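Enquirer: Build the complex: two chains, separate frames, hints provided.
Protein sequences, first through last, are from chains G and U.
Going by our numbering, the first sequence opens with residue 659, and the numbers climb by one from there.
Going by our numbering, the second sequence opens with residue 50, and the numbers climb by one from there.
Watch out, some of these pointers could steer you wrong.
[As the list claims (entries may be wrong)] Think about it this way: if two alpha-carbon atoms lie no more than 30 Å apart in a straight line, the pair counts; the simulated DSSO-like pairs of lysine-lysine are:
#, chain 1, residue 1, chain 2, residue 2
1, U, K127, G, K716
2, G, K729, U, K106
3, G, K715, U, K127
4, G, K700, U, K127
No lab work stands behind these hints: they were computed from the structure.
Computed from a prediction, not measured in an experiment: that's the story for all the values here.
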Amino acid sequence: GENVEQHPSTLSVQEGDSAVIKCTYSDSASNYFPWYKQELGKGPQLIIDIRSNVGEKKDQRIAVTLNKTAKHFSLHITETQPEDSAVYFCAATETSYDKVIFGPGTSLSVIP
Amino acid sequence: EPEVTQTPSHQVTQMGQEVILRCVPISNHLYFYWYRQILGQKVEFLVSFYNNEISEKSEIFDDQFSVERPDGSNFTLKIRSTKLEDSAMYFCASSIPSGSQVTGELFFGEGSRLTVL
Numbered sequence: 659g660e661n662v663e664q665h666p667s668t669l670s671v672q673e674g675d676s677a678v679i680k681c682t683y684s685d686s687a688s689n690y691f692p693w694y695k696q697e698l699g700k701g702p703q704l705i706i707d708i709r710s711n712v713g714e715k716k717d718q719r720i721a722v723t724l725n726k727t728a729k730h731f732s733l734h735i736t737e738t739q740p741e742d743s744a745v746y747f748c749a750a751t752e753t754s755y756d757k758v759i760f761g762p763g764t765s766l767s768v769i770p
Numbered sequence: 050e051p052e053v054t055q056t057p058s059h060q061v062t063q064m065g066q067e068v069i070l071r072c073v074p075i076s077n078h079l080y081f082y083w084y085r086q087i088l089g090q091k092v093e094f095l096v097s098f099y100n101n102e103i104s105e106k107s108e109i110f111d112d113q114f115s116v117e118r119p120d121g122s123n124f125t126l127k128i129r130s131t132k133l134e135d136s137a138m139y140f141c142a143s144s145i146p147s148g149s150q151v152t153g154e155l156f157f158g159e160g161s162r163l164t165v166l
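Pulled out of the complex, with its shape left as it was, chain U reads as follows (with noise of 0.2 Å):
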């Protein structure tokens, strides 16, 4: 079955660091997005990705995160400057699938645990 795929599993970095999440997305799938959770607390949204193109983001994505997917399958989260309140667990998560009728499906990865020290 196809799944979407993330690593690292775990990064550990030091504050003031840049970070990169990757993220493979399912391949036929056409939005992509990043949540995070701080541990023990909610799934929280920070970005969708169609086309290309941010469709929306949240308050949490400022300046310090950006997104890019540089070729036709990679998917990655760029945190240019961490903080110790970036320190969570990172998911990508891919739905929509082409030609399909919309499911509303959201498929995640298992997630890239980022520690900032």
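Only chain G is shown next, with the shape it has when bound in the complex (with noise of 0.2 Å):
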């Protein structure tokens, strides 16, 4: 079955840098890769996806890239805010209505 590692576990920038999490998954049959924000007490919420047939995406400050040969996919956050920490899951599934593989996450922290 899909594997999907993560990292780093942590990560702290300061307020206004990058942040970049990486992830890499085992089944190349996965072709949907989503990211959840989950903040304290709270359950995951959708902040992008991506499909296998585009390379990379964008929303605003927030961007992913695939990378399907290599089977890696990696999530960048520019001009990071406090409000930005959280833990962050990158995910793969093969079909979008099907079980949903978590990677372990990521806890960032975001330095004013």
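Expert: Structural data, given as structure tokens:
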């Protein structure tokens, strides 16, 4: 089955700097890669996603890149703000309504 | 904005007791899920449910677990005989609005924390 790895497990950045989180997946059949943000005491919330027919997607300060050959995908957050502090999970799935396999998470702290 | 609601927010139970966690998915969604998150660890898939039956389940979802959609709104997870290792946050999620383009987004509830003593 699918296995998703994620690095780093913790990340501290100064406000205004960029943050990058990297993930790898094992199942070449996976073709949908969402990113979820989990704030303390809440359920995960989708922030951006990418499908395998696209190499990069951007939404304001957030961008995701996908290298399907290498089975890598990354989340980039620019101009970080304190409210970006949360746990971020990458995930992969073969079909967008199928089970979603999550990575272990990255705890991001943005220091004012 | 429509949201997934879960009850109870926290339940404490004795080992061996039965527990039912309840969820009200977003009303026009078609797929329903249970995930769990042991404290500080990854979010793990348990089961997906579509058209009133289980569509997929993980190896975690053994005979002690069951799901049900007893009416048109509730979606429940039952653990028949709880074990210490069942202590976790259980998240319900729903997805795929009917009649719209498939987006893939999972909408999660705020979770039910289960503590087994």
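Enquirer: Under the criterion that the straight-line Cα-Cα distance not exceed 30 Å, is the pair U/K127, G/K716 satisfied?
Expert: violated (40 Å)
Enquirer: Compare the distance between the alpha carbons of G/K700 and U/K127 with 30 Å, and conclude whether the hinted pair is satisfied.
Expert: holds (22 Å)
Enquirer: Check the hint pairing G/K729 with U/K106 against an upper bound of 30 Å on the C-alpha distance.
Expert: Distance ~25 Å between G/K729 and U/K106 Cα, so the pair holds.
Enquirer: Would the hint linking G/K715 and U/K127 be met if the CA-CA limit is 30 Å?
Expert: violated (39 Å)
In terms of the numbered hints stated before, the structure departs from hints 1 and 3, listed from lowest to highest.
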